[in-house]
Amino acid sequence: MDDILIKKKIAALLTERADNGRISCTAARSIAEELGIGYAMIGATADELGIKVKHCELGCF
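Quick note, in my numbering, the sequence shown goes up one by one and the last residue is 564.
Please note that the accuracy of each hint is not assured.
[What the hints assert, rightly or not] Result set (BS3-like, lysine-lysine): computed pairs, CA atoms no more than 25 Å apart in a straight line:
# : residue 1 : residue 2
1 : K557      : K510
2 : K511      : K555
3 : K511      : K557
4 : K512      : K555
5 : K510      : K555
6 : K512      : K557
[Stated by the list, open to error] Computed spacing ranges between beta-carbons, pair by pair:
#  : residue 1 : residue 2 : range
7  : D505      : K555      : 23 to 29 Å
8  : D506      : H558      : 26 to 32 Å
9  : E537      : H558      : 17 to 23 Å
10 : G541      : A515      : 15 to 21 Å
11 : L508      : H558      : 26 to 32 Å
12 : I507      : E537      : 15 to 21 Å
FYI, nobody ran anything at the bench for these hints, they're computed from the structure.
By construction, the Cβ of each residue, glycine as well, lies at the ideal position given by its N, Cα and C atoms.
Turn these sequences into a full structure, and let the hints steer you where they fit.
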């Protein structure tokens, strides 16, 4: 999958699963694992969207 499509998919999933501009660490990691990408890409996209990762368990975000 090309980078633009991956980024759009990440943004869609983050937006869909976020609650009030926040998403749990577990949900963010789940998105990364579903898409087979690194946590850093999820974190960067969440930052761009203004979505905060809450209850971070591993310090990845």
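Exercise. Are K512 and K555 close enough, with their CA atoms no more than 25 Å apart?
Worked result: holds (18 Å)
Against the 25 Å threshold, does the CA-CA distance of K557 and K510 hold or violate the hint? holds (21 Å)
Beta-carbon spacing of D505 to K555 - inside the hinted bounds 23 to 29 Å or not: Between D505 and K555, where Cβ atoms are some 28 Å apart, the hint holds.
Range hint 26 to 32 Å (beta carbons of L508 and H558) holds or violated: holds (29 Å)
Original post:
If you draw a straight line from the CA of K511 to the CA of K557, is it 25 Å or shorter?
Top reply: holds (22 Å)
Within 26 to 32 Å: is that where the Cβ-Cβ distance between D506 and H558 falls? At roughly 29 Å between Cβ atoms, H558 and D506 fall inside 26 to 32 Å, so the hint holds.
Notebook entry, point to check: So the hint says 15 to 21 Å: do the beta-carbon atoms of I507 and E537 match that?
Noted result: Since the Cβ atoms of I507 and E537 sit about 18 Å apart, the hinted range of 15 to 21 Å holds.
Does K555 sit within 25 Å of K511, going by the straight-line distance between their CA atoms? Within the cut-off at roughly 18 Å; holds.
Satisfaction of the hinted span 17 to 23 Å by the C-beta atoms belonging to E537 and H558: Holds, since E537 and H558 (Cβ atoms, about 19 Å apart) stay within the stated range.
Satisfaction of hint between K555 and K510, Cα-Cα up to 25 Å: At roughly 17 Å apart (the allowed maximum being 25 Å), K555 and K510 satisfy the hint.
Exercise for the section: Hint says 15 to 21 Å; check whether the CB-CB distance for G541 and A515 agrees. Expected result: The hint (15 to 21 Å, Cβ to Cβ) holds, given that G541 and A515 are roughly 18 Å apart.
Holds or violated: K512 with K557, Cα cutoff 25 Å? Holds, because 21 Å separates the two Cα atoms, which is no more than 25 Å.
The structure fails none of the hints (numbered hints given earlier).
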